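Student: Here's the letter readout for the chains.
There are 2 protein chains.
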Amino acid sequence: MPQDLTRDLHDLLERGRDRQLRLAVTGLSRAGKTAFLTSLVDQLRHAGLEARLDLLSAAREQRLLGAQRVSQQDLGVPRFPYDQAMQSLAGEPPEWPSPTRGISELRLKIRFRRAHANWWRGNTAELTLDLFDYPGEWLLDLPLLEHDFIGWSRSQCEDNGPQRQALFADWQNAVSELAPDSEVDEAQLAELAERYAEGLRGAREAGFSDLQPGRFLLPGDLSGAPVLQFFPLPGLAQWSAEALAALPEESLYATLKRRFSYYQQHIVRPFYRDHFRRFDRQIVLIDVLGALNAGPERFEDLSRALSRLMQSFDYGQRSLLSRLFTPRIDRLAIAATKADHVTPEQHTRLVALLEALLEEPLKDLHYANVPVKALSLASVRATEVREVTQQGRSMPALRGTDLAGESVLTFPGEVPNRLPDAEFWARQGFDFTGFRPLPKEPGPLPHIRMDAALDWLIGDKLT
Amino acid sequence: MPQDLTRDLHDLLERGRDRQLRLAVTGLSRAGKTAFLTSLVDQLRHAGLEARLDLLSAAREQRLLGAQRVSQQDLGVPRFPYDQAMQSLAGEPPEWPSPTRGISELRLKIRFRRAHANWWRGNTAELTLDLFDYPGEWLLDLPLLEHDFIGWSRSQCEDNGPQRQALFADWQNAVSELAPDSEVDEAQLAELAERYAEGLRGAREAGFSDLQPGRFLLPGDLSGAPVLQFFPLPGLAQWSAEALAALPEESLYATLKRRFSYYQQHIVRPFYRDHFRRFDRQIVLIDVLGALNAGPERFEDLSRALSRLMQSFDYGQRSLLSRLFTPRIDRLAIAATKADHVTPEQHTRLVALLEALLEEPLKDLHYANVPVKALSLASVRATEVREVTQQGRSMPALRGTDLAGESVLTFPGEVPNRLPDAEFWARQGFDFTGFRPLPKEPGPLPHIRMDAALDWLIGDKLT
Chain A
1 MPQDLTRDLH DLLERGRDRQ LRLAVTGLSR AGKTAFLTSL VDQLRHAGLE
51 ARLDLLSAAR EQRLLGAQRV SQQDLGVPRF PYDQAMQSLA GEPPEWPSPT
101 RGISELRLKI RFRRAHANWW RGNTAELTLD LFDYPGEWLL DLPLLEHDFI
151 GWSRSQCEDN GPQRQALFAD WQNAVSELAP DSEVDEAQLA ELAERYAEGL
201 RGAREAGFSD LQPGRFLLPG DLSGAPVLQF FPLPGLAQWS AEALAALPEE
251 SLYATLKRRF SYYQQHIVRP FYRDHFRRFD RQIVLIDVLG ALNAGPERFE
301 DLSRALSRLM QSFDYGQRSL LSRLFTPRID RLAIAATKAD HVTPEQHTRL
351 VALLEALLEE PLKDLHYANV PVKALSLASV RATEVREVTQ QGRSMPALRG
401 TDLAGESVLT FPGEVPNRLP DAEFWARQGF DFTGFRPLPK EPGPLPHIRM
451 DAALDWLIGD KLT
Chain B
1 MPQDLTRDLH DLLERGRDRQ LRLAVTGLSR AGKTAFLTSL VDQLRHAGLE
51 ARLDLLSAAR EQRLLGAQRV SQQDLGVPRF PYDQAMQSLA GEPPEWPSPT
101 RGISELRLKI RFRRAHANWW RGNTAELTLD LFDYPGEWLL DLPLLEHDFI
151 GWSRSQCEDN GPQRQALFAD WQNAVSELAP DSEVDEAQLA ELAERYAEGL
201 RGAREAGFSD LQPGRFLLPG DLSGAPVLQF FPLPGLAQWS AEALAALPEE
251 SLYATLKRRF SYYQQHIVRP FYRDHFRRFD RQIVLIDVLG ALNAGPERFE
301 DLSRALSRLM QSFDYGQRSL LSRLFTPRID RLAIAATKAD HVTPEQHTRL
351 VALLEALLEE PLKDLHYANV PVKALSLASV RATEVREVTQ QGRSMPALRG
401 TDLAGESVLT FPGEVPNRLP DAEFWARQGF DFTGFRPLPK EPGPLPHIRM
451 DAALDWLIGD KLT
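Going line by line, the protein sequences match chains A and B. Per my numbering, the first sequence starts with residue 1, numbered consecutively. Per my numbering, the second sequence starts with residue 1, numbered consecutively.
These are computed hints drawn from the structure, not numbers from a lab. Please note that a few of the clues may not be correct.
Identical chains share a label here; the pair holds if one copy fits it or two copies do between them.
[Claimed, not checked] Derived lysine to any residue pairs resembling SDA-like cross-links, with alpha carbons at most 25 Å apart:
{"id": "1", "residue 1": "K440", "residue 2": "S407"}
{"id": "2", "residue 1": "K109", "residue 2": "P248"}
{"id": "3", "residue 1": "K363", "residue 2": "E186"}
{"id": "4", "residue 1": "K109", "residue 2": "E183"}
None of these values were measured; they are calculated from a predicted model.
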């Protein structure tokens with residue numbers, strides 16, 4: 001349609017003129033993407049008035065005039081439910097926004113005064129910021145694109161710890177009786193796939209992160225379709241590639257392989273192509289404290305999931321040409337979310353732990369010469385810091401309301417500043433309290449370092 | 001993908017050899033599509049054994065060997081939930097299968113002995129029957145494809161009776177303040193569209209049938225997308241087409257028009273193209289008794305909806321070539337469902353009423369020389385007929401369990417055998433009891449005239 005073309009061309013020009021930015025807000029499920037996006041919109045909407053954004057230079061210099069939501073590009077993608085999220089946060093009792101069950105989109109127009117106006121361009125300018133929200137469950141399907149069925153089966157069946165394996169025992173027992181060349185009917189396949197999906201759901205419940213295929217956890221309109229009825233096949237290593245390739249079309253192996261590639265081609269690739277390829281900036285949100293709570297096996301699982309995930313994005317410095325035609329992420333933030341769940345003097349340790357967790361991907365980014373900033377933040381601050389005197393010694397504590405609704409005063413203790421070793425896990429478990437949001441007050445949402453994140457991610461475009 | 005191509009070619013050949021048939025089971029919501037499909041599969045699975053299918057000649061002649069569900073074509077479409085439907089029917093208490101919330105697909109392979117075997121073809125043969133289920137709500141979007149936004153607005157805003165209008169009063173009040181050239185923001189549009197959707201939901205609750213756009217009632221993954229945020233605009237007749245065309249892109253009219261055509265192009269047309277174009281046979285299921293229960297305005301609404309709907313299908317005799325490349329519906333059944341809700345001697349009157357209700361489309365079909373059979377049926381019989389003697393006179397009555405769980409014996413009374421006139425409605429209301437399914441017994445589901453419907457729809461392919 002010509003109208004679409006005009007619009008695309010317009011967008012292309014705006015990208016060229018640096019007036020448009022696509023920000024990837026990346027995070028696994030429960031990392032806090034929805035809260036981050038809600039807070040981001042809320043802070044920018046209040047910018048220039050009451051927002052506390054001192055670490056964002058355009059705001060500090062009082063050049064930020066405000067932000068508005070404008071019509072998004074793709075009419076077929078749901079709009080990010082900002083209003084519903086704000087309603088949850090303003091409820092009595094206040095609640096965290098409900099988790100995302102599908103993709104949603106949001107376009108913000110940010111107006112600002114230029115730092116250096118001159119005769120050939122006006123004093124005020126606009127930046128269009130495109131934001132996306134989507135279920136974290138779907139994100140882990142991106143690494144799946146790099147595998148064929150044999151490789152994927154191997155990656156899913158090996159290197160799993162005992163706790164994770166136990167969750168898949170039911171499926172494992174059923175599948176171990178089946179050789180790749182056995183014939184299976186539709187109903188049997190559906191049942192086995194359902195057992196695999198049950199394993200994935202159990203693993204998510206238990207705090208594991210590295211869960212594929214993602215749509216098994218949130219099928220949406222695909223519920224019940226054969227494309228969601230496959231699973232990795234253990235024991236393929238005992239077969240040669242030729243022997244497997246020669247198996248008839250109705251064999252278990254060939255059927256699963258066909259469904260796996262249908263899943264790649266028709267489900268994951270369009271999602272990646274339409275939503276994940278063209279990003280300029282990225283923030284990776286990680287619930288480090290939640291992973292510490294969940295114990296060593298899950299902590300390692302998270303580290304592996306993140307390494308795999310970050311290989312799915314294109315990083316690199318961009319030139320004018322690449323900015324137009326092969327956009328790459330040229331600046332990145334990694335953030336430990338829920339920093340308000342520990343006392344402020346722990347924040348540097350939290351960041352150190354985050355960097356240790358992402359050691360592998362950070363090496364690659366350093367090699368690609370992409371600037372990365374690691375920080376800790378709270379999108380919506382849920383606690384207040386109190387000084388408490390105990391045995392004559394003053395120490396910081398947190399006051400808030402826990403998820404059960406009890407008002408609590410806690411000393412969350414110390415965050416390790418490097419990857420905990422076995423001895424550490426054995427000596428000390430973690431049990432950070434979960435908090436509900438503070439009662440909503442007028443004005444912008446309270447936060448920790450949202451302004452620092454914004455300054456890093458978009459600050460240079462607001463000059 | 002070459003594999004897909006091979007499969008498509010194979011299907012094409014099978015169609016040419018008359019070994020494959022696509023059957024459209026068409027019906028608005030609550031017409032009984034899911035029950036019909038469930039019963040159809042169940043009867044054919046029991047064929048050759050206990051099924052009572054005397055009106056299906058292949059069964060009567062004991063040539064029907066049975067049917068099996070086989071792998072469907074499109075991996076991305078959910079499988080028809082036959083097992084769940086059977087579970088509902090076999091529950092304690094038995095329940096009707098839950099209404100369909102998305103599209104689903106089913107492929108049956110029917111084995112039969114030929115009526116006349118000869119040397120160049122074997123004795124037994126197979127027919128592949130492709131069946132589809134989908135929400136009746138989506139079906140009424142097909143007529144919407146023929147309109148532009150102006151024509152659609154007119155068709156939706158005019159000719160509505162007072163009861164229907166009352167359900168849209170809230171939306172009507174809000175929209176009447178807006179001129180086509182006014183500017184509206186996203187949030188306002190979303191709210192107005194939500195009011196319109198509320199009107200549609202209320203109208204469905206109240207028994208109306210002619211409801212567009214269908215996705216407003218069952219949005220699925222599109223929930224919250226701008227493409228589902230439009231509505232017809234009343235009062236466009238006061239504007240010339242040129243004046244409307246000249247309105248700026250941000251005007252109410254232009255925005256709604258854009259979303260309407262996005263809805264046509266990206267939602268309805270792919271659905272039509274992928275699922276509704278290539279049918280060989282069709283059965284239109286109509287809950288005539290339910291419409292009588294609902295009163296004159298809704299009865300007329302149903303008649304209008306069905307006329308519009310049937311214009312969306314291609315009817316006509318088929319040659320070998322047309323069978324391959326432009327499939328058309330060459331034989332059609334129209335069926336009044338839930339015939340078990342009246343006593344057997346009323347069935348001819350029910351069929352006469354059905355034919356009166358579909359008078360307009362039937363004329364067109366007659367003109368196109370497409371054979372049509374009208375019948376009444378019960379996919380899953382829910383009552384038993386009893387002879388009751390009252391004041392010395394024997395008369396038929398129905399025994400069953402009503403939806404509240406009470407065992408009842410009723411005399412449903414007389415069905416009118418032509419379209420009821422105003423006087424008729426004033427004199428006599430209808431109140432047919434709804435029944436829950438009979439407790440499930442071993443063997444095939446009890447039915448009324450499923451065999452007659454099958455004989456008409458596929459009998460000639462089983463020779």
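Student: Determine which of the earlier numbered hints do not hold for this structure and return their numbers in increasing order.
Tutor: 3
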